[in-house]
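Put chain B on the given structure of chain A with help from the hints.
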Amino acid sequence: MRLLLAEDDPMIGASVARGLRQDGFIVDRVEDGHAAELALRENVHDLLLLDLGLPRRDGLAVLTAMRRRGDARPVLILTARDAVADRVAGLDAGADDYLVKPFELDELAARIRALLRRHAGRAEPVITCGRIELRPAAREVRVAGAPVALSAREYALLEALLARPGAILSRAQLEEKLYGWNDEVESNAVDVHLHGLRRKLGADAIRNVRGVGWMIAPA
Amino acid sequence: MTTAAPTRSIRRELVGWLTLGLVVAIVAAAVATYLRARDEANALFDYQLAQMASSITGMPLTARGPLGATPGADALVVEIWNRDGVEVYRSQPQRRLPQQGPIGFRTVATESGEWRVFATLAGDQVVQVAQPMKVRRELAASMALSTILPLLAVAPFLVVVVWFGIARGMAPLERLAAAVGRRSPRTLEPLPESGLPREVQPLVRALNGLLARLDGALDAQRAFIADAAHELRTPLTAVHLQAQLAERAGSDAERAAALAELRAGLDRATRLVGQLLTLAREEPGVTDRPLAPVDLAAVARSVIADHVALAAARGVDLGLAGPEADSAKAAPVHGDAASLRTLLSNLIDNALRYTPAGGRVDVAVAREGDAVLLSVRDAGPGIPPAEHARVFDRFYRAPGTADVPGSGLGLAIVKSIVERHGAEVTLGPGLGGPAGPGLAVTVRFPAVAAPATP
Chain A
179 MRLLLAEDDP MIGASVARGL RQDGFIVDRV EDGHAAELAL RENVHDLLLL
229 DLGLPRRDGL AVLTAMRRRG DARPVLILTA RDAVADRVAG LDAGADDYLV
279 KPFELDELAA RIRALLRRHA GRAEPVITCG RIELRPAARE VRVAGAPVAL
329 SAREYALLEA LLARPGAILS RAQLEEKLYG WNDEVESNAV DVHLHGLRRK
379 LGADAIRNVR GVGWMIAPA
Chain B
4 MTTAAPTRSI RRELVGWLTL GLVVAIVAAA VATYLRARDE ANALFDYQLA
54 QMASSITGMP LTARGPLGAT PGADALVVEI WNRDGVEVYR SQPQRRLPQQ
104 GPIGFRTVAT ESGEWRVFAT LAGDQVVQVA QPMKVRRELA ASMALSTILP
154 LLAVAPFLVV VVWFGIARGM APLERLAAAV GRRSPRTLEP LPESGLPREV
204 QPLVRALNGL LARLDGALDA QRAFIADAAH ELRTPLTAVH LQAQLAERAG
254 SDAERAAALA ELRAGLDRAT RLVGQLLTLA REEPGVTDRP LAPVDLAAVA
304 RSVIADHVAL AAARGVDLGL AGPEADSAKA APVHGDAASL RTLLSNLIDN
354 ALRYTPAGGR VDVAVAREGD AVLLSVRDAG PGIPPAEHAR VFDRFYRAPG
404 TADVPGSGLG LAIVKSIVER HGAEVTLGPG LGGPAGPGLA VTVRFPAVAA
454 PATP
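Sequences listed follow chains A and B, in order. Note that this note's numbering has the first sequence beginning at 179, numbered continuously upward. Note that this note's numbering has the second sequence beginning at 4, numbered continuously upward.
Next up, chain A with everything else stripped away, as it sits in the complex (with noise of 0.2 angstroms):
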C-alpha cells in the first residue's frame, strides 16, 4: 500500500516513514500543503498522512479541497494540536482518523491499515480470495491454510491486486502500487515478481488479460 505523507518536520517525516517502510508501506514525503495537493493530484496513493501545520498551504485546507474534489481516499491527521475542538475540526473536515503527537508507530501502522480495511469495505482483518489469505497485521499470507513465504514486492503486488478482487490493474499501476518516488523502478520488475507469486501461489492465481492487464482469479 502507497502511503503520502505530509509532515513539514523532516524528522519527524523522516522517522514515520522509515517506520513505516519498516511495515511494509511504500511511503511518499511531502513537506509543505502545495506539494501535497500536487501529489494528491497523481492519484497513486492510497491513504493520506497529513499534518495541519504545513507550511504554505495548511492542512485543514488541503483536507477540504480533497474532499470537495470527491476525493474519497482515506485521511489520518497527524498533529500536536490535541484540543478537542482541533479534533473536532479535522474530523468534520473529512479526516477519517485523528492521531496526536507524539505517537507509537505501532498504533500508527495498525490504524492505517484498519483505515484501508475499512476504505475497501472489509470489516475482517484478512483478506481472503479463493483459497489465499492475506493478513495485512501480520503480512502474512497463506495458500489454503499453509504459511507461504513472499519478498516485499511479492507482497505489495498481491495486496494491490486483492485490494478489488475481479478488478484489472495495468503494469503502470502495478508499478505505481509498488515503487515511491525515489525507487528506482527496476525494468521487467513487474513481470519478475508476478512470476515469483505465480511460482508460490500457484500457476492460476493471477491472471493475465492480454493487452489490459493482471488480475486475481475470482473464486
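Since the hints were derived computationally from the structure, they do not count as laboratory data. You may find that some hints are simply not true.
[Unchecked claim] Label-pair distances were calculated between CB atoms; the ranges are:
1) Asp249(A) x Arg178(B): 58 to 68 angstroms
2) Phe281(A) x Ala209(B): 42 to 52 angstroms
3) Arg349(A) x Pro408(B): 14 to 24 angstroms
4) Arg313(A) x Arg258(B): 26 to 36 angstroms
5) Gly431(B) x Asp361(A): 49 to 59 angstroms
6) Arg265(A) x Arg171(B): 49 to 59 angstroms
7) Arg284(B) x Glu318(A): 53 to 63 angstroms
8) Pro200(B) x Arg265(A): 28 to 38 angstroms
[Said to hold, decoys possible] What the simulated footprint calls covered on chain A by chain B, stretch by stretch (three residues with Cβ under 8 angstroms from a Cβ of chain B suffice, anywhere in the stretch; the number is not a length):
9) 179-193
10) 196-206
11) 276-282
Here a beta-carbon is modelled for each residue, glycine too, at the ideal position from N, C-alpha and C.
The following block gives chain B in isolation, referenced to the frame of chain A:
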C-alpha cells in the same frame, strides 16, 4: 494599609468635618447675636433710664413709697436727694447705691453685681435711676439662645441626612470595588463606565487601561506558553519516533544509525529549550540588569572569536568587514553586554546556518552620525521582503527553510534585545552568492556621548 492603623473612612471624616463646621457656625452665630443684642439692650435701657429720670423729676414725691416699678431684684431703683445731700426718696429702701456720682450715665460695681446708673439734676434735687446690668445680659443671652436653638435642633438631623447622603454618594465606589473584586486573571473585561459619578470616572478609566494592558500581557504570555508547548512537542515527537526506530532496529548498523538520529533529535530539543529560556530572559520587563556603556566593537570581536571554529567547520569565511584600523575603534553604545553578545551570536549563527560552504559572513560595526550600526551580512538565500515583517515573530520560519535546523526563535530573541536597547533592526540584501541575494541584518543603536569604559 497595615492592620494596626485604624481604617480611614471618608464618610466618617466628611461627617466629622461637617459637624465641626456646624458647631463653629452655631457658636459664632450665638456670640454675634449675643454681642449685638447686648449693644441694642444697652442703648434701649439707657434711653429708658433717662426717660424714667425725666418723668420722675416732674412728679410730687411726698412719701417713701414704692414708685412705678414693682420692687424686685431686677426692679429699677430710684433715689432722690435734695441740694444738701439729704435723701428725699428711695424706691427700694434695702438697696443702696453710691450717691455722689457725676451727672449722666455710669456703671458701678456693688455687692449685688454691676448696676447702670443715670443721675440728673431736676431743680434743686438730684434724681438717680439705676438698673442692674444683669437684666441686660440676660436679655441678650436669651436673644442669642433663641437664635441658635432652631439651629441646634436642626443640626443632628442635618448630620444624619449628610451621613446617608454620603452613603448614597459612595455607593458607586462600593459597586466599583465589588466589580474590581470579581475580576480575576481569567476575566479581565473592562469595568462598566456608565452611571458613575464624574469624580470616579478617571479612576475607572485608568483601571480599565490597566486591565487592558494586563489582559494583553497575559494573552501574550498565554500565547507564548501555548506556542512553546506546541514547538516543544515537535522535537519531542521526533525523539519519540527515533527512539522507537532504535528499539526496532534489527542490526547493529541500523541501531547505530537510529541512535545517531536520536542524538540529533535530542540536540535539537535541547537547543530549543535553551533558546526559549534565552527569549524568556530577554523579554522586555523581565531583565532588570541596568544598561551601561558597552564597546560594541569589542563585543563583536569576542563573539566572532567564539564562532570561528564553527565557521571553519562549515567552510564559511567569518570576519569583521573593513580595514582593521577602523574596526579597532571603540563604538560605545548604552547596553547590556551579555544581551548584546546573545544578539550578535544569534545573528552570526543564522548567517552561518544559511551561507553555503565557500561563502562568507561579514560583521561590521560603524559609527554613523549619532548612531552606531551593527550589521551581519551573509551569502545565503536571503529573505524576500514580503517575509521581513514576519521573520521576527516567535517560531516563525520562512518557507523553504525547513531543511535548515532552527528553532524559529533566533530573530525573535534579536528583536527583544533590540527593543530593550531602544535600537532598530532592519533587513536587506546581503553579500549575494550562488544561494541568492544574501541577508544583511542591521541594528542601529543610539550612540553614547561619553566614551565607553574599556
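> Cβ-Cβ distance between arginine 313(A) and arginine 258(B): within 26 to 36 angstroms?
Replying inline: holds (28 angstroms)
> Does the Cβ distance between aspartate 249(A) and arginine 178(B) fall inside 58 to 68 angstroms?
Replying inline: holds (60 angstroms)
> For the pair proline 200(B) and arginine 265(A), does the Cβ-Cβ distance stay inside 28 to 38 angstroms?
Replying inline: violated (51 angstroms)
> Counting residues of the stretch 196-206 of chain A with a beta carbon closer than 8 angstroms to any beta carbon of chain B, are there 3 or more?
Replying inline: It holds, with 3 qualifying residues against the three required.
> Quick one: are arginine 265(A) and arginine 171(B) within 49 to 59 angstroms, going by C-beta?
Replying inline: With a Cβ separation near 55 angstroms, arginine 265(A) and arginine 171(B) satisfy 49 to 59 angstroms, so the hint holds.
>> Is 14 to 24 angstroms respected by the C-beta to C-beta distance linking arginine 349(A) and proline 408(B)?
In response: violated (42 angstroms)
> Does the hinted range 42 to 52 angstroms hold for phenylalanine 281(A) and alanine 209(B) at CB?
Replying inline: holds (50 angstroms)
>> Is the coverage entry for the stretch 179-193 of chain A by chain B consistent with the three-residue Cβ rule at 8 angstroms?
In response: Satisfied; 7 residues make the cut.
>> Between the beta carbons of glycine 431(B) and aspartate 361(A), is the distance compatible with 49 to 59 angstroms?
In response: violated (44 angstroms)
> In terms of beta carbon proximity below 8 angstroms, does the stretch 276-282 of chain A have 3 or more residues touching chain B?
Replying inline: Three-residue rule met by the stretch 276-282 of chain A, so holds; n is 4.
> Range hint 53 to 63 angstroms: satisfied by the CB atoms of arginine 284(B) and glutamate 318(A)?
Replying inline: Once the Cβ atoms are compared, 56 angstroms apart, the range 53 to 63 angstroms for glutamate 318(A) and arginine 284(B) holds.
In the structure shown, a violation is registered for the earlier hints numbered 3, 5, 8, in ascending order.
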